[in-house]
Amino acid sequence: MTNRNRQEHSDVPVSKTRGNNSGVNRNINHFLQSLGDTLIDFTALEVNTIVVDHISGHKFIAWEAYRDIYPISPGYLEQQGIHESLRDRYLELRTSLEREYRGLLNDPTSELHDPTVYEEDNSSFANDFERTPTRLPNPLDLKSPETIVAIQRLLGNCRFLRGLRKLAELKAALDDRNQTVLRLVSQQPDQVEMIQRRITTDTICAQTVIQLDGDVINRYDQSLFHHPQKEVILQIHREGVIASERQWRGLLEFIIGLIKATLHKS
Amino acid sequence: MNQHPRLASPSHLLSPRQDLAIASCIQIEVERISRSQVLFHGVRFTLDKEILHQIQQAQQMGDSLKLSRQLLTDLRYYALIDDENRWQSGLTFCTYYQRGNSQEALMRSVIGMDGDIMHQIQRNCLERPKFSHQISAAHYWLIEEIMGQLRLGTFLPLTRLINGLALGLALLIAMLLVIPFIPVFLKTPFMLIAALVMFGLFFFGFRHLLHLLRPTANQWIIRRILGGFLSSKPSSKRFAKRLLTRLFSP
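As you go down the protein sequences, you meet chains F and E in turn. Take the first sequence: its letter number 38 is residue 38 in the numbering used here, and every next letter is one higher. Take the second sequence: its letter number 221 is residue 221 in the numbering used here, and every next letter is one higher.
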């Protein structure tokens, strides 16, 4: 009798552990799946070097970044007091966000794939900002539970998050630039034209894309070639490319090693 | 995965004192927002003239930086998982330069997990080409050192454990077989050689068998660690981090 009792008692934790274990395994498998998906998506290493006024201590919080980029529109930028010369770049961020999302909706391998939204021309949104309705869930309308669920799903998508992170980084740099411009304009109201000219020649960016097949593509901002520190920037970018390749390889080896160790007994 | 990266690389190690000085500039920036949730903001390098000089020396000598196990565990964790238990979307590294009492951010890099990498450099810094070059070289080098050491090294105590277990088992069996025949052994001492040979055979046999089980143990432990990382319970996370710190060589 006592024995049977003991048996029954010990059964409870056993089944509980089993339940936990399958949950853990599901978590691990889901996690590995998303790692694997990203590795499959990987086609090129892209290194960007940007010269900025200030390095912002910007902290990436997905929800906040989404809430801040989503409402960007010509009217909103005006209302927020963003300087005219920078508005196009803000709108570009918003367009990229939309494009990122539509890419996911149209991609059959994505968990956000929606077969009812098939668009041949992905760029239509960019052409007509005001009139094309957005497909992104509205983070400012938190009354409807469907929207909240949609946002949670969206922000749970690794690919979208990575894109969002990059856009948030660019937005932080733009916000900073906006502050500088507004300050300059208020200090020297008669030199608006000069300030505007400086802005267009002052955002330097160099980009190198190394594709898996070995092709290397370099893109430079035109203004770079007239920049007084052209050589320094180019050298820092070149070294950044070499370093990035090694940095990325380190990260990749860590992740692949982990996947291998988790899946195979090797 | 079984090969320790440092064994394969010809680079030297820094002296412990230099290691300590350079490693002290690496700081993980986190913000606790609730009891169970910690936001990871990135890795911060705070350089000054002295540390910059030491990094330059290390670069020239081809030395590599030895990170502490604890730091490495934290970095591995944050390289994998974000505050919502999703896969980390990117790692941010920021370099500050300290002059007197003030610190200024000069470089910032975001390494996206999909191979999108963005380096930002502060404009004023470029006006001093030599300095800006030193800063960028140190910044890149530190990130490289960190990323290069993330890969899991050898699984530490398993070899020792396997040898110990095999030795114990072989001894036990040899004793069990020898004890009933002690009078025989006392009469014919050359039987001792036979016993030793038998013991040796048992030892190597067990060791081989245990080595066969090693991959399974390895896999089990890594799944344990990953499962703990992905758990929503802070205690499981802590346990997994402890396992990772203790069991894997840096």
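Check before you lean on any hint, since a few could be wrong.
Straight-line C-alpha distance at most 30 Å; calculated DSS-like pairs for lysine-lysine [what the hints assert, rightly or not]:
#1 K187(E) with K66(E)
#2 K59(F) with K187(E)
#3 K143(F) with K59(F)
#4 K143(F) with K237(E)
#5 K49(E) with K260(F)
#6 K260(F) with K241(E)
So the derived label-pair ranges between C-beta atoms look like this [as the list claims (entries may be wrong)]:
#7 D141(F) with S102(E): 40 to 48 Å
#8 L177(E) with F42(F): 55 to 63 Å
#9 T43(F) with G62(E): 29 to 37 Å
#10 D41(F) with F239(E): 27 to 35 Å
#11 T116(F) with R69(E): 27 to 35 Å
#12 A150(F) with D48(E): 45 to 53 Å
If you want the footprint, here are the derived chain E segments under chain F, 3+ residues with CB under 8 Å [what the hints assert, rightly or not]:
#13 89 to 103
#14 114 to 121
Treat the hints as calculated values from the structure; they're not laboratory data. Beta carbons: idealized from backbone N, C-alpha and C, even for Gly.
We went through each hint and held it up to the structure:
As the CA atoms of K187(E) and K66(E) are separated by approximately 59 Å, the hinted pair breaks the 30 Å bound. Restraint check for K59(F) and K187(E): not satisfied, since their Cα atoms lie roughly 81 Å apart, outside the 30 Å limit. Taking the CA atoms of K143(F) and K59(F), the gap is near 27 Å; set against the 30 Å cutoff, the hint holds. Among the hinted pairs, K143(F) with K237(E) is inconsistent with the structure: their alpha-carbon atoms are about 34 Å apart, more than 30 Å.
Distance check on the hinted pair: K49(E) and K260(F) sit about 42 Å apart at the alpha-carbon level, beyond 30 Å; violated. For a cut-off of 30 Å, the pair hint linking K260(F) to K241(E) stands: about 20 Å separates their Cα positions. Distance hint check: the CB atoms of D141(F) and S102(E) are about 44 Å apart, consistent with the given range 40 to 48 Å. At roughly 58 Å, the beta carbons of L177(E) and F42(F) sit within the given window of 55 to 63 Å.
The hinted window of 29 to 37 Å between T43(F) and G62(E) holds, with their beta carbons roughly 32 Å apart. A beta carbon spacing of about 33 Å between D41(F) and F239(E) agrees with the range 27 to 35 Å that was offered as a hint. Remark: the range hint 27 to 35 Å for T116(F) to R69(E) is contradicted by a beta-carbon distance near 51 Å. Range check, A150(F) to D48(E): about 48 Å between beta-carbon atoms, so the 45 to 53 Å window is met.
Counting residues of the segment 89 to 103 of chain E whose CB lies closer than 8 Å to any CB of chain F gives 5, so the stated coverage by that chain holds, three being the minimum. Counting residues of the segment 114 to 121 of chain E whose beta carbon lies closer than 8 Å to any beta carbon of chain F gives 8, which reaches the threshold of three, so the coverage claim holds.
Going down the numbered hints, you'll see the structure goes against 1, 2, 4, 5, 11, while the others check out.
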